[in-house]
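S.K.: Sequence:
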Amino acid sequence: HLVCIECGAVDEIQDDLLEDVEAIVERDWNFKIKDHRLTFHGICYRCQDKEESADEAD
Numbered sequence: 002h003l004v005c006i007e008c009g010a011v012d013e014i015q016d017d018l019l020e021d022v023e024a025i026v027e028r029d030w031n032f033k034i035k036d037h038r039l040t041f042h043g044i045c046y047r048c049q050d051k052e053e054s055a056d057e058a059d
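Going by this note's numbering, the first residue of the sequence shown is number 2, and it counts up by one from there.
Quick caveat, the hints were computed from the structure, so don't treat them as lab data. Careful: at least some of the hints might be erroneous.
[What the hints assert, rightly or not] Below, simulated EDC-like cross-link-like pairs (lysine to aspartate or glutamate); rule was C-alpha separation at most 16 Å, straight line: (1) K35 <-> D21; (2) K33 <-> D21; (3) K33 <-> E23; (4) K51 <-> E23; (5) K33 <-> E20; (6) K35 <-> E57; (7) K35 <-> E23; (8) K35 <-> D17.
[Unchecked claim] DEER-style ranges, computed between Cβ atoms: (9) S54 <-> W30: 28 to 36 Å; (10) A10 <-> D36: 18 to 26 Å; (11) I6 <-> K33: 33 to 41 Å.
No residue lacks a Cβ here, since even glycine has one placed at the ideal position from N, Cα and C.
Construct the complete structure from the given sequences, taking the supplied hints into account.
M.R.: In structure tokens:
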């Protein structure tokens, strides 16, 4: 998930970017993964656009 620290919006990443990492963990640590969670905290594109618009107005 992508969590905006400005407005609190939560967007979901549709791609499974951890597929290769899961395979390595399962192989190297003999661990059967059933689920994983990954969250990025930052500023969403909507808040970035608002910030840029405000800067241009000044």
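S.K.: Now, for every hint given, state plainly whether the structure supports it.
M.R.: Each hint tested on the structure:
1. Distance hint between K35 and D21 is fulfilled; the C-alpha atoms sit about 14 Å from each other, no more than 16 Å.
2. With a C-alpha separation of about 14 Å, the suggested pair K33 and D21 falls inside the 16 Å cut-off, and the hint holds.
3. A threshold of 16 Å between alpha carbons decides the hint, and for K33 with E23 the separation of about 9 Å falls inside it, so the pair holds.
4. Distance check on the hinted pair: K51 and E23 sit about 37 Å apart at the alpha-carbon level, beyond 16 Å; violated.
5. For a cut-off of 16 Å, the pair hint linking K33 to E20 stands: about 13 Å separates their Cα positions.
6. A threshold of 16 Å between alpha carbons decides the hint, and for K35 with E57 the separation of about 48 Å lies outside it, so the pair is violated.
7. The hinted pair formed by K35 and E23 meets the criterion: a straight-line CA distance of about 10 Å does not exceed 16 Å.
8. Our distance criterion of 16 Å between C-alpha atoms is met by K35 and D17, whose separation comes to about 14 Å.
9. At roughly 48 Å, the beta carbons of S54 and W30 sit outside the given window of 28 to 36 Å.
10. For the pair A10 and D36, the supplied restraint of 18 to 26 Å holds, since their beta-carbon distance comes to about 23 Å.
11. Remark: the range hint 33 to 41 Å for I6 to K33 is upheld by a beta-carbon distance near 34 Å.
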